[in-house]
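*Asks:* Residue numbers (this note's numbering), protein chains in the order written: chain A, 1 to 298; chain B, 1 to 399; chain C, 1 to 421; chain D, 1 to 257.
Just so you know, the hints here were simulated from the structure itself, not pulled from any lab data. Just so it is clear, CB atoms sit at the ideal spot from N, CA and C, and this is done for glycine as well.
Only part of the chain B face toward chain C is listed, based on derived beta-carbon distances under 10 Å: (1) S51; (2) Q57; (3) R153; (4) R154; (5) F183; (6) A261; (7) V300; (8) S307; (9) G312; (10) I314.
Pairs of lysine-lysine residues, derived as PhoX-like cross-links and limited to a Cα-Cα distance of at most 20 Å, are as follows: (11) K409/C x K118/A; (12) K409/C x K284/C; (13) K226/C x K246/C; (14) K284/C x K410/C; (15) K226/C x K270/C; (16) K270/C x K223/C; (17) K118/A x K284/C; (18) K332/C x K409/C; (19) K332/C x K118/A.
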Amino acid sequence: MELFVERLLAGVTNGSIFALLALALVMVYRSTGTLNFAQGEFALFSAFFAWWLVGTGLPVWAAVIAGMVAGFVLCAAAERALIRPVQRKSELATLIVALGLFSGLNAAVALIWGTDTKVMPSIVPNGLEDYFELFGARVYGDTVITWVALAAVTILMTLLFTKTELGLHMRAVADNAESAALTGVNTSRILMLGWGLAGAIGALAGSLATPLAPEQLSVTTMFPIFIGACAAALLGGLDSLAGAVIGGLIIGVVEAMVTGYVPLVGGAMQQTTAMVLIVLILVVRPNGLFGSKELERV
Amino acid sequence: MSTVTDRERATEPRTERSPVLLAEGSRAYRIVVLVIIAGIIGLALIGTTLSVYRMSQVTAVLITAIAVIGLNLATGYTGLLSIGHSALFGVGAYATGILILDYAYSPILTLPIATALGFAVGLIVGVPALRIRGLYFSLVTLALGIAFPEIIRRFDDFTGGAAGLLIRSQFLTPPSWTGLTRFERGLWLYGLSFVSFVVVMLLVRNLMRSRTGIAMRGVRDHEVAIRSNGVDVARTKVLTFGLSGAITGYAGGLFAMNVGALSPDGGSFTLVKSIELITAMFIGGAGTLLGPLIGSTVTVFLPELTSTWTTGPISGVLFGVTLIVLVFFMPEGIAGRLQIIARRFVRVVPPDHPAARRPTTSTQNSGGNATGQKSVAAGGAEQPPGPNSDDASSEGSSR
Amino acid sequence: MRTSKYGVVAVAITLALAGACGTNTGGTTSGSAEDALSSENCADPAAVTEEITDELVVGISAALSGPAAQAIGQVLQGAEARFELANQNGGIDGVEISVIKRDDGFTPERAKTNVQALIDQDQADVLSTLGGGQVDAMSDYQNEQCVPLLNAISSVPKYYDPVQFPWTTQDLPAASIEEAAIARLIEERYPDGVEVAMASNPNESGQAYSEAFEAAIEGTDIKLVKNEPIVDPATTASTLEATGAKVLNIGGIGTDCLSMMNAIGRAGWKPELVIVPSNCTDAKLVFEPAGEAADGVEILRWFKEPILEEYEDDEAVLEYVDAVTAAGADPKSSYVLSGWAMADITVNALEEAAASDDGLSRIGIMKAAQSQDYQAPLFIDGVSFSVDGESDPFGIESFRPYAWNAETKKFDPVGEVISAD
Amino acid sequence: MTAQNVLDIEKVGISFGGINALTGVSFSVGQGEICGLIGPNGAGKTTLFNCITRVYEPTVGSIRFQGADLLAMRPHRIVGAGIARTFQNLALFPSMSVLENTMSGASALGHTGFVASVLGLPASRRAHREIRQHAWELLERLDLIDVALEDADGLPFGTLKRVELARALIARPQLLLLDEPAGGLTHSEVDELGVLIKDLSRSLGFSVLLVEHHMGLVMGISDSVVALDFGRVLAQGAPREVQENPDVVASYLGKAA
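Construct the complete structure from the given sequences, taking the supplied hints into account.
*Replies:* Below, the structure is given as structure tokens:
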């Protein structure tokens, strides 16, 4: 029982991180209709920025918030200056710009802060004794905070989309930017906002993930998380917030369980197993678990 | 191409912005083709005079170019964005490596098997494309890309696992008929890669100039429309992906022979390689014939170039910036841009093009978009293009 | 089917190797190391025996860009500082050493191109590199051209073999040697046997450690109860904890050790003995970040290091600190030290070659490098770098165990020097 | 239902997200007939086209073409069976030239395998050449020779409409579905188009199902007219009858025909 709970908790925690970054991917997809290949590196940059601020003596929570602001500005600026001009050209062009950002941001992080491993402190105390027990398994504050952050972001996003005029506009732009513009929605602002929010969510994911990540904070930290988040967003359905959350949790838990309970496959084939499962699900549901089916308009 | 333009400019009086029409099969066209063939042979021969190290770099360019041609078929021409071609490359490479080391195959005989395995894996991955589309399909390819290194590590009895495979040079001696020694295998691999590249490029050219090629591009541009035109979209996608896998697998086989060291880590067969291939395809020009070669040249030489005048992360920043700048100013890629420029001067037209058939009369022009093309003889009209051409032309002139 | 000459050879070798393990060494030469080390099979036999008189070029292929660039930059700083010291001391018998570096971005393709460029274009007399994948990409060409690849900072099992790879040596202790010493250590602590759990990374190094440890405990009372790959450290830790093993042996590289120490700490698992391999040696990058969780974790070391209290005032250590500090490097970094050590052992081989009958030629250098018994000033007493052809291809074979003290942030010795034999 | 009909649509219904786009639509198109399909925007005209060409799957009803059940056919077989179409908002291939766009319409005629294509076997080349020659004929006939080598991307709307027509015609259809072919044309061009459609239909012997807002064109060339509104058939019959039908007049009230 204890072992099972431990594995479940580990899976849920990893899954929460995937889900947070997947939410960022969904935000971008809903505004621009593209997969932001650089989302993980935006998060990396923001996390390094937050780490640097902590070094200057800022409290961790303030540094994380500052990192989120930086993520917001960076992502919004990238949308306005780099993505929007090429978006009309082709899907591939947008992807290549994102790849350029991916490579450029990663190298910029290395240039500014170096490639050695950093230790990003957690928002909450995370010493060896800062835990409580749940069915015999230890639960630490820094894992709980990822669950809380995921729940909070999910609720806030849902409220934003369902209860506010801004959210209504965002949905209108996601649905059909042209007709939204005709009804007087400032699409330019909405698109930047969508990317900005994605950047902020990603920054949060990055700052919360690195104290837990095996490689702590280094230039390679975010790539595996980004891959997990991509898979989560696609599994859930690229335009579904709920899908991103559930997709992330499924992937996290499946990977942990496969490692633990399928000795034949074991840790060595963990990702493969998860990916094969996702592909099988997609064969049954080609637009993800909760994604909306696109009607072919001709 | 430019030499032709100069020739035409010199011999034919022509006005601005009216490209010379070069009819396929005409004398001028044949001369151009001969010049190109001579050029290719010339380039190949120049390559043999390079130092071992430079020659090996050119070989690496050619091998990458073949892999990119495979990717280009699926992604550039057919619009199936693949992030998993690193795995198809790896399948070919490991097939060659394992066959040489464990089954004592002579290297060149492993290539058909590497190709066949690439085809088979491509087909299997292509099958989900029947239902899964767009970015969701890219996820399927991503799954392949992620799974491959894990599978290699897991089945280490067979693949050497994380420790990798090392194919030593005595297994890679050129075939005896070449008369080359084992120390000259760089030359042999260069020749093999060069010939392979030319052949693969010709095959892809054939394909793209056939009805199947039109169907593939139709699938990319507008799936509903091409289906309404009678194309079995599902079959086209699956077979394209299979063929793409076959070509990339073949390149993988050559790669194994060239580098000799295969490992699931280190970026030869991981997503890093996929990104490299996609980048090369885009820089060269997605959906162009020469793009893969140009793009591969850039991606093989650029890192070396940047590391000579910068160090460490700056080269990475530069790479990212270059990529973005390129998208802004040359979204069609280098080959795509060259094609657009060349078209201003010369246009190759089918032999039965009405303008090529009627050298002197400029065609009537009632469409909304008058381009002012002026037909120039360019040696055209010297041969009847086909049995139906008379009917067609009489119908045309009767109006 | 036509069977060509090399096909027959290949069949013979495949059959010969069929009973061996899964890795292919793929060699043809048989007989002794002396036979293997000759100029006859070389591409240019004359160049191999020619004495180097003007300048000795050391060509290095390394990842100067990418995620590891900073660490590798430090390694190279250490190496260059040592070569510079040799030059200040009059070079190798008057011959200056110069270093040429080429960036391989940690990819085998570029390492392969680099080895060709270093040999053909840069006319390198001696090569070196870091990382098993790089040696794999370089070894074949460099052996064929008979250019020594000396003291590569890697520990790939197949290159401790002067018969198959007469022109290649590595300076890190082989996984088989280190794990044998670890098994010794465990035996000393638990004379009546004990259950051991192992966590190893899924990459080349982890595979080597796993295989080596399994081989080392054969015939002992040590029982390996479970060997889990480190993919998700938390899950690995809970799975291993469930075995109830008293000893945890971690086989991995720096970040694996850090993440596993964190993970077992958080799982609340306190094995009586936790051992990490020597490449997790860096205090600042591995042990300090792990905090309390690293307390008491043991590691085998063989250098006198500035971070070890008892050697702080050692003459050799002071010389090292001065030299690397002058070069702008951090003497406390384990990367700088490993680069220095690589160059130090190389310089020793070069000096021995210069004094030998073959002189400072490629063959002379390689012969010297294959029969070296070097008590480097920086080695802990009782440790030496000794190789002797195929009878003893392993350089470092003795170690001293140290335990990390999380409170003082220092390593304390926890026993005498252990030998792997 | 007579044996003379090429197309029989019977009680076809389809809904999207709970909204009925078509409800119990039934009518037929006779052999050689030009049948106009009219109705205000959103009446379901294009949806019906999409049902016939199997872009959409009708929830109920049957569609038969020369007696064969279209709904049992795989979508890409429709054109081979003899039905070609054009699209309201253009569905050309922007990266292909006008010539290639036209040639793409012949994809169902004959079959060239992948292997033959890759190897450039004579069969593949011959098929390609024959289609190209047919394309030239059509391009001449539709006045598109001058733009034949231009990419479809960036040509004027009216020109592209004709390219779509050429692409549909190259399939040698027995039934041609035209979705607002007069869109973007001037008055005189519309008249020319009417003549052209009628001519082509006569000389090549195909039936036409024509969706068009331009009433002059529909009433001028149609043999019969079907009026749709809110997914139902309002009226059908001779052009004059339908035009005068009070329901049709009501549904078009306020709209200039």
